[in-house]
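Protein chains in written order, with this note's numbering: chain W, 2 to 151; chain V, 15 to 58.
Hints were generated in silico from the structure; no laboratory data involved.
Be careful, since some hints might not be right.
As the list claims (entries may be wrong) - Sample of chain W residues lacking proximity to chain V, with all beta carbon distances greater than 10 Å (derived):
| hint | residue |
| --- | --- |
| 1 | Ala23 |
| 2 | Thr28 |
| 3 | Ser37 |
| 4 | Gly54 |
| 5 | Glu56 |
| 6 | Asn66 |
| 7 | Gly67 |
| 8 | Thr90 |
| 9 | Asn97 |
| 10 | Ser99 |
| 11 | Ser111 |
| 12 | Asn132 |
| 13 | Thr133 |
| 14 | Ser140 |
| 15 | Gln147 |
As the list claims (entries may be wrong) - Residues from chain W shown here face chain V by an in silico Cβ test under 7 Å; the list is partial:
| hint | residue |
| --- | --- |
| 16 | Phe117 |
| 17 | Ala123 |
| 18 | Val136 |
No residue lacks a Cβ here, since even glycine has one placed at the ideal position from N, Cα and C.
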Amino acid sequence: MAAIDQALVSILLNGLTPTGAAGIPGTAIGTPVGTSAMRIRLNSTLSTASAAGTELSTQTSGYTNGTGWSSLGQSTASSSGSAVGVPLTTQSFVSNGSPTAVVSFDLTGSAAQRGFWGPFNAQPVNVGSGNTFQVVGGSGAAAGIQISLT
Amino acid sequence: MTEGLAFEPEDEPVGWVVLDPDGNVVDSGGQTVTEASADAGEEN
Numbered sequence: 002m003a004a005i006d007q008a009l010v011s012i013l014l015n016g017l018t019p020t021g022a023a024g025i026p027g028t029a030i031g032t033p034v035g036t037s038a039m040r041i042r043l044n045s046t047l048s049t050a051s052a053a054g055t056e057l058s059t060q061t062s063g064y065t066n067g068t069g070w071s072s073l074g075q076s077t078a079s080s081s082g083s084a085v086g087v088p089l090t091t092q093s094f095v096s097n098g099s100p101t102a103v104v105s106f107d108l109t110g111s112a113a114q115r116g117f118w119g120p121f122n123a124q125p126v127n128v129g130s131g132n133t134f135q136v137v138g139g140s141g142a143a144a145g146i147q148i149s150l151t
Numbered sequence: 015m016t017e018g019l020a021f022e023p024e025d026e027p028v029g030w031v032v033l034d035p036d037g038n039v040v041d042s043g044g045q046t047v048t049e050a051s052a053d054a055g056e057e058n
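Excised from the complex, chain V in its bound form (with noise of 0.2 Å):
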């Protein structure tokens, strides 16, 4: 069994990036997750 690091980063999905102009990568970040909720509204 092959032992992994306690707190090994969750493979996010790639959302955006940022190229130098040739076009290596020099930042990036996740997806945006954008949710709306029918429930936004309701008063409690």
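Chain W on its own, in the form it takes in the complex (with noise of 0.2 Å):
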């Protein structure tokens, strides 16, 4: 039995996910998330509820250990309580390990508040040097990552 209403959870996703201008949080949850645009973290461990997992270090390209992946662009909106998918945009890094391995990720805000956390399906994704890792972008139910509270 869900315990929460419909419409105060797209409040809450919509607050904690990138569905404003150009991916910063949709409402003004504000201070603890941040206003500018919000991150995927990577991580080389398991995130959990209480910490995020380890960060991976700087790639080759496409992915700075402190930054992660900022441009996720702006996802489409929750409506009565649908999931929220993220990214829009497909994000990328090509490894520089050997190889680099991707096991979990944290979606946070600018002030590095973590929103929502999980592990990457069929985790831990080895990432050999010269490859590319990519979570695929869309919208909607296209995107990579689905993310939803109930």
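Starting from the two chains in their separate frames, assemble the complex, guided by the hints.
What follows is the structure, encoded as structure tokens:
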């Protein structure tokens, strides 16, 4: 049984995901999450409910430690409790690892507050040196990461 | 009527891909679904 109003679900989801213009949080939850574009942090270990995993080091291209992926685009807003798909724009990096293991992600605000986190399907994803890891971008249900609140 | 396999895999949306330097897909995985529950903190 859901214990939260679906309209409130959407307010929370939109405030914690990049549904605003240019990928900023979609509603004014504000200070804790930040009001600049949200980011995806990639980790080589599992994130938990209390802490992010170990962030990837800076890669050959496309991923900088401490910054992550920061041009996610504006996700389609949640409506009537629907999931939010992230990212709108496909994100990628070229590995410098041997290999680089990608295990989990954290969706964070510009103020570094985590919103949602999760392990990648079939993790760990071992990305050999010179190979490219991509998270598929798209609108709504087509995006590689689906975030919901029930 | 066309007979189908008994255990046809479902068409799962792709969530991530790994490409080699020539752009060929060498690995892929399904969407990551992150679902938070408002009931998570409730005591039984």
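query = If you check each hint against the structure, which ones fail?
reply = 12, 13, 15
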